[in-house]
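**Q** First residue of the sequence shown: 14, per this note's numbering; consecutive thereafter.
It is worth saying that the hints were derived from the structure and are not from the lab.
Incorrect hints may have been included.
To be verified - Under the rule of at most 27 Å between Cα atoms (straight-line distance), these lysine-lysine pairs were calculated in the BS3-like manner:
#1 Lys231 with Lys324
#2 Lys347 with Lys173
#3 Lys325 with Lys449
#4 Lys324 with Lys15
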Amino acid sequence: MKLTEGSVVRGMVTFALPIFFSNLFQQLYNAADSLIVGKFIGGNALAAVGSSASLIFLLTGFVNGMSMGAGVIIARHFGARDHDRLKKSIHTTTILGLLLGLFLSVGGVIVSPLLLKLMGTPSDVINNSIIYFRVYFTGCLSVVMYNCGSSILQSIGDSKHPMMYLITASIINVLLDLFFIGYLKKGVGYAALATVISQTVSAFLVFRRLYIEGKGGKEYGLYFKDLRIDNDELKKIVKQGFPSGMQNSMISIANVVVQSNINSFGSIAMAGCASYSKVEGFAFLPVTCFALGLATFVSQNIGANKMDRVKKGIKFGCLASMSLSAVIGLLLIKFSPFIIGLFSNEAEVIAYGVRECHVAPYFYALLAFSHCSAGILRGLGKPVIPMVIMLSVWCLFRITYITITIKFINVIEVIFWAYPITWTISSILFLYTLKKLFFKSY
Numbered sequence: 014m015k016l017t018e019g020s021v022v023r024g025m026v027t028f029a030l031p032i033f034f035s036n037l038f039q040q041l042y043n044a045a046d047s048l049i050v051g052k053f054i055g056g057n058a059l060a061a062v063g064s065s066a067s068l069i070f071l072l073t074g075f076v077n078g079m080s081m082g083a084g085v086i087i088a089r090h091f092g093a094r095d096h097d098r099l100k101k102s103i104h105t106t107t108i109l110g111l112l113l114g115l116f117l118s119v120g121g122v123i124v125s126p127l128l129l130k131l132m133g134t135p136s137d138v139i140n141n142s143i144i145y146f147r148v149y150f151t152g153c154l155s156v157v158m159y160n161c162g163s164s165i166l167q168s169i170g171d172s173k174h175p176m177m178y179l180i181t182a183s184i185i186n187v188l189l190d191l192f193f194i195g196y197l198k199k200g201v202g203y204a205a206l207a208t209v210i211s212q213t214v215s216a217f218l219v220f221r222r223l224y225i226e227g228k229g230g231k232e233y234g235l236y237f238k239d240l241r242i243d244n245d246e247l248k249k250i251v252k253q254g255f256p257s258g259m260q261n262s263m264i265s266i267a268n269v270v271v272q273s274n275i276n277s278f279g280s281i282a283m284a285g286c287a288s289y290s291k292v293e294g295f296a297f298l299p300v301t302c303f304a305l306g307l308a309t310f311v312s313q314n315i316g317a318n319k320m321d322r323v324k325k326g327i328k329f330g331c332l333a334s335m336s337l338s339a340v341i342g343l344l345l346i347k348f349s350p351f352i353i354g355l356f357s358n359e360a361e362v363i364a365y366g367v368r369e370c371h372v373a374p375y376f377y378a379l380l381a382f383s384h385c386s387a388g389i390l391r392g393l394g395k396p397v398i399p400m401v402i403m404l405s406v407w408c409l410f411r412i413t414y415i416t417i418t419i420k421f422i423n424v425i426e427v428i429f430w431a432y433p434i435t436w437t438i439s440s441i442l443f444l445y446t447l448k449k450l451f452f453k454s455y
């Protein structure tokens with residue numbers, strides 16, 4: 014789908030909606046992991062699975078950033094109708110994904126026990142956590158390859174097929190969770206196995222689609238005979254993707270520090286905050302879909318040299334994402350006891366989740382603006398700027414704030430406030446940057 018022609022609003026919505034539903038189903042099956050584990054195994058198992066997000070993203074964030082960088086380069090070539098470079102970028106991205114996926118699978122299995130200990134994971138949780146992570150990272154290659162394949166398809170405007178494959182994976186994951194944990198009464202390792210199997214299916218489907226497109230003679234298809242690294246395209250991908258990858262990894266380190274501080278309040282607090290994190294993922298839906306949509310939209314139209322469309326797309330994407338995020342935040346605040354209660358029957362666990370729900374959701378619109386701004390700047394070919402802003406604010410400032418403040422005010426709300434404070438600061442910096450860099454330059 015070419016985003017360089019037709020109605021800007023219709024094009025953005027048509028492209029963003031499948032991403033929205035993809036992420037919705039991904040959140041549903043992530044939440045299903047925690048919900049089923051919490052109900053059938055208990056609070057400690059819920060803490061082990063639910064607290065996994067920060068560590069998983071720490072190890073996979075760099076690869077996801079590289080995938081986003083590759084997507085921007087592919088979208089630029091697609092918008093410019095440079096078919097030769099487009100083909101080289103796609104095949105280089107595929108090989109790069111295979112290499113990074115293999116490295117991550119081996120590295121994740123080896124280092125996850127050490128990282129869990131460094132995070133101060135409580136003794137009543139750590140054994141389940143190690144089992145979960147080792148099974149998950151055994152199949153991490155599939156996660157990486159799905160992200161690479163879906164990034165390729167989305168960059169050429171096809172967000173529908175990745176949505177279909179992710180929905181398929183979500184259904185498989187939930188059914189396997191119910192079978193392994195609900196019926197067979199297995200432990201948390203089988204929750205990770207269900208995720209690995211479902212992600213393997215989605216990775217197979219997305220590359221099968223690219224292969225079919227190649228058989229049909231499409232310029233963005235996958236041709237096994239052309240699977241090699243092109244040095245020029247690799248340099249472009251690394252230049253575009255490395256800052257985003259570093260940004261993801263470093264922010265993940267900050268989130269691991271946050272999780273470590275949550276761990277210090279015990280397994281009940283871990284389970285409550287883990288429940289909230291699964292719910293919060295739904296608030297990220299409009300954030301993610303428009304941030305990815307803006308990066309692709311801007312990059313394609315930059316390639317086609319259509320700057321008026323770029324400006325219109327930026328204004329609509331930011332407004333839509335911020336508005337939807339604000340509404341989701343208000344709904345979450347209002348219904349937080351019921352929603353958190355879906356994940357656990359324990360009153361103390363629910364109480365911690367509700368306490369967090371009464372802080373961050375008020376500021377979801379600022380979270381949306383920051384992510385959309387980062388997507389815009391990546392689409393403009395300036396990934397270093399969001400990297401610097403987010404590393405300075407979401408990483409260094411966030412860690413400093415928590416480390417110092419928690420010593421004087423030892424309550425968990427100090428940790429909860431780390432996110433709204435840093436979202437506010439980054440939004441101010443992004444607004445200043447976009448006004449100065451883009452709207453005055455074009």
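**Q** Against this structure, judge whether each hint is valid.
**A** The hints, checked one at a time:
| no. | hint | verdict |
| --- | --- | --- |
| 1 | Lys231 with Lys324 | violated (30 Å) |
| 2 | Lys347 with Lys173 | violated (33 Å) |
| 3 | Lys325 with Lys449 | holds (17 Å) |
| 4 | Lys324 with Lys15 | holds (17 Å) |
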